[in-house]
Amino acid sequence: MKTNRANPLRPLIEFKQVTRVYGSKQAAVWALAGIDLQIYRGDFVAIMGPSGSGKSTCMNILGCMDRPTTGSYLFHGLEVGALSRDQQALLRRHYLGFVFQGFNLLNRTSALENVELPLIYRRISAKERRRRSQWALELVGLRGWERHTPSELSGGQQQRVAIARAMVTNPLVLLADEPTGNLDTARSQQIMELLCTLNRERGLTIVMVTHEPDIAAYAHRIIRFRDGLIESDGH
Amino acid sequence: MIWEAILLALREIRRNVLRSSLTILGIVIGVAAVITMVTLGKGATLQVTSDIAKLGSNMLQVRPGQGFRGPGGARSTSPPLDPKDAEAIANEISGLVAVAPTASENLQAIFGNENWSTTVTGTNNAYFQVRNWPLKAGRKFTDAELSAGASVCILGSTVCQELFGGQDPLGALIRLRKLSCKVIGVLESKGQSSFGMDQDDVVLVPLRTFQRRIAGCQDISAIFLSVKEGFSTEKVRLEIERLMRERRRIQPGSEDDFHVRDMQELVSTLTGTTRLLTALLAAVAAVSLLVGGVGIMNIMLVSATERTREIGIRLAIGAREREVLIQFLVEAVVLSLLGGLAGIAFGLGTAAFGSRLLHVPFVFDPAITLIAFLFSGAVGILFGFFPARRAASLNPIDALRHE
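If you're matching them up, the sequences are chains B and E in order.
For what it's worth, my numbering labels the leading residue of the first sequence as 1, then goes sequentially.
For what it's worth, my numbering labels the leading residue of the second sequence as 236, then goes sequentially.
It is worth saying that the hints were derived from the structure and are not from the lab.
The beta-carbon is built from N, C-alpha and C at its ideal position, and this holds for glycine as well.
Any given hint could be a false lead.
Rough simulated footprint, nothing fancy, chain E against chain B, three-plus residues with beta-carbon under 8 Å [stated by the list, open to error]:
| no. | segment |
| --- | --- |
| 1 | 41-47 |
| 2 | 111-121 |
| 3 | 154-164 |
Ranges of calculated distance between the beta carbons of each label pair, as one might list FRET restraints [to be verified]:
| no. | chain 1 | residue 1 | chain 2 | residue 2 | range |
| --- | --- | --- | --- | --- | --- |
| 4 | B | Glu138 | E | Ile606 | 35 to 41 Å |
| 5 | B | Gln87 | E | Ile606 | 51 to 57 Å |
| 6 | B | Thr109 | E | Val529 | 27 to 33 Å |
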């Protein structure tokens, strides 16, 4: 997949008057009511807002799992709305990493195999997969836990495995949907410090949805949603 | 990718051993049924063929009447055969090994105070060759005995057993109607024919002896002849038919009042019948294979629902629709192929046991084994496709939210 890497001044992610409407006619719900947004490489963005404000919809579109009803979403200069389902899958495979509130690891599957999963779809040899997955687990501080299945790991450790899974492909953007939503304060802090380190040391672009102001405080930029529109955007 | 999918499928199957084995049970039974039916059918066909070969290879029979076709009455109106017919056939038709005219009658054979109702057949030495029937003891008729109509006989093994028990019959005198004749030989046992007749229940005497001293007439009831290796029995049969029509002065356009029975024809009729029956049974068994396929579809649908979240995760991290489809399809195919393998093993075992029980030879047929294996794979693809499509077309957002 070719993207425009030529101009570093162009935003990595650009929304132009993006709307997302569910249902039709009278029953139509405007989840996003026309949003303009630019995210540059190396940003660490927190998205906040009450339930139903459109932040999840925004994340789905950002993650190329949904398309705008109208408007344009350029990822790295590429019009995502025009891509087929499979092309979107390839975009996710090569440029995006996901971290979810519920961890979403495969049960009864070891940490190492969970981390290897995205590499399988990239047709990488078993040996190379193992090497990279071990590197990713080391990155999140889980060396020595490779053989453990999710049920044998704490919530914080599970989320680290999920971050390792997202990082193993070396993505451009990490999309985190309430990554600390199921964790206690101490573990939340550890996860956030990990994300900050990845952002600082590896230049990883992070977009994170959260409810909690103290979690959002780790980000460089906070975008607040209300009723499908951006209420505020600042540092 | 395929290799990864196969490994993954095997892991999924191992995780649910009980469910997987119940799922494939239908396939196992279906494949086993097909293999059993076809193997036993092949064995039966072989049995019938070798039974008929025992009757005499390349043998033709000429008999008066219209054979299988006409009602019983037709035979009685047909004039009997003449000994000269046999001579004419022997002289004028090429490609014959031996010609044996025969005349038969059912009567009592008596020895001491034993008596046994049997078939007495008058014939010549060519009969042994045509029927492919060697002697167990004693000797054949001499030319002198044949031309003089001497009082000698050769016993079938059943008659020998019934009249003499374990005693040596050679040289003994038995009585056939008013004729007292000396036993000069005993035939090898041929066993039952495929039609359930005891072929060994027979007493052979020289044809002339039979005509003069038993039947009191010259009539011949059948002419047995065998065709040389390399000659077409069909062609010889047609030639004999032409010769016989001429000899019996049958007008062109009227029906034959005799028939030439071709053993080859009988072989093909009988094997054709067993083959048809085998095919029918195998078809019924194949239906159960399809039913087994529905079981696979059912479980794959359940599995796809159970693993909705997993599918969501895979889609989110960049699996394409095709890749999820292949994963589920491979799982269904691996399942059904495992079922196929188990079915083949089970079916061959049942067939081996069944063939011993039915006294037919066990014939391993690699072709049908391969076909059954491939067919079970095809069932996996056919019935795995729908659930796999459903899984692959899930929306990743909804799939991830699934509890």
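Inset, instruction - Of all the hints given earlier, name the ones this structure violates by number, lowest first. - result: Structure breaks hints 1, 3, 4, 5.
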